[in-house]
Amino acid sequence: MTSNLLGQGTDPLALAERWVGEGRKVALATVVETWGSAPRPVGSHLVIDSEGNFEGSVSGGCVEGAVVGEAIDVLESRAPKMLEFGVADETAWQVGLSCGGRIKVYVEPVA
Amino acid sequence: MDIELLKQANAERAARRAVILATDLETGAATLHRESDPRTGDLGAALTRAFDSGKSGSVEVAGRQLFLNVHVPPARLVVIGAVHISQALAPMARLVGLDVEIIDPRTAFATPERFPDTALSAEWPETVLATRPLDAFTALAAVTHDPKIDDYPLEAALRANCFYVGALGSRKTHAKRVERLVAAGLSEAEIARIRAPIGLPIGAASPAEIAVSVLAEIIGALRTRASRQMETLA
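First to last, the sequence lines map onto chains A and B. For the first sequence, the working numbering gives the first residue as 1, with consecutive numbering after it. For the second sequence, the working numbering gives the first residue as 1001, with consecutive numbering after it.
The set of hints was computed from the structure by calculation and includes no laboratory data. Every residue, glycine too, gets a C-beta built ideally from N, C-alpha and C. A portion of the hints provided could be inaccurate.
[Unchecked claim] Cβ pair distances, simulated, as ranges: (1) Ser1227/B to Thr10/A: 26 to 34 Å; (2) Thr10/A to Val1096/B: 17 to 25 Å; (3) Gly60/A to Lys1172/B: 30 to 38 Å.
Could you build the full structure based on these sequences and the hints that come with them?
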């Protein structure tokens, strides 16, 4: 029982719809799998536009920066992408999922 | 994701209806599944489980890896009666994650002192439910013992297809209630959805214990919604 507040501007899916309506290029990132102590549950969203604006959360702040960068690539290529972050992965360690969990994030364009 | 699909999903969510967005992670193709849609086969079974648990996750169906993102509205509990049981039930239900509201037109009962931190209306259920209607993701527990207060919301809850409808009272009291609801035009099948006597039979001996039995019954009803829906259709 989550408390997504539709209509209050904080709901990523509602925001994605609104941003597309405003003519922005929008990508949607979704946590599709977690292992260990991942900070955000499966199904959590981050919505990103081509300017790098974003709302929502896929990791409570650990990897959002990297996801935003990848999302801008996805918006250029128009092809969805699967990202993996975790302590086992050196790059991911650098972007900082230091809580010990691992997550898989699916990034796709909304259009 | 297709923007039209997103718009449809958002419209359903805003209307407090459950949906699942199923995405093929290989191709990116997505489909929207409403709870009212027919569900068959392996995908149908996976959707039913996901609607019940409210948990998102991946499933393999016919060799395809599908990600099911489940959007279930936050469940509410409306309690008719600002009585002892409700004083115990309100904080417990909040712990479980339910949005709780207590309605009782008797101003001596419905006081903020008796119900700290709880949404409370010292008005008739008819008045409150007109502005905040019941729906399929709302549980209603009527615990005043007074037909003048309980009957209307019980009838409204059955018509709104609340996932849980419970009424306090002995079997004798309930038999009389059934007669009144039949006279009000409700079918036997609809009336049979009322849990009466209210609560799981755990031998509850105090208001707080009755509250535990009611809350457990509500959770059971919430977590089996979609499977019960399938049984009704079968």
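Against the structure, the hints:
1. Under the hint 26 to 34 Å, the C-beta atoms of Ser1227/B and Thr10/A, about 32 Å apart, fit the expected range.
2. In this structure, Thr10/A and Val1096/B meet the distance hint of 17 to 25 Å, their C-beta atoms being roughly 23 Å apart.
3. Between Gly60/A and Lys1172/B the beta carbons are some 55 Å apart, a value that contradicts the proposed interval 30 to 38 Å.
Comparing the model with each numbered hint stated earlier shows that hint 3 is the single one that does not hold.
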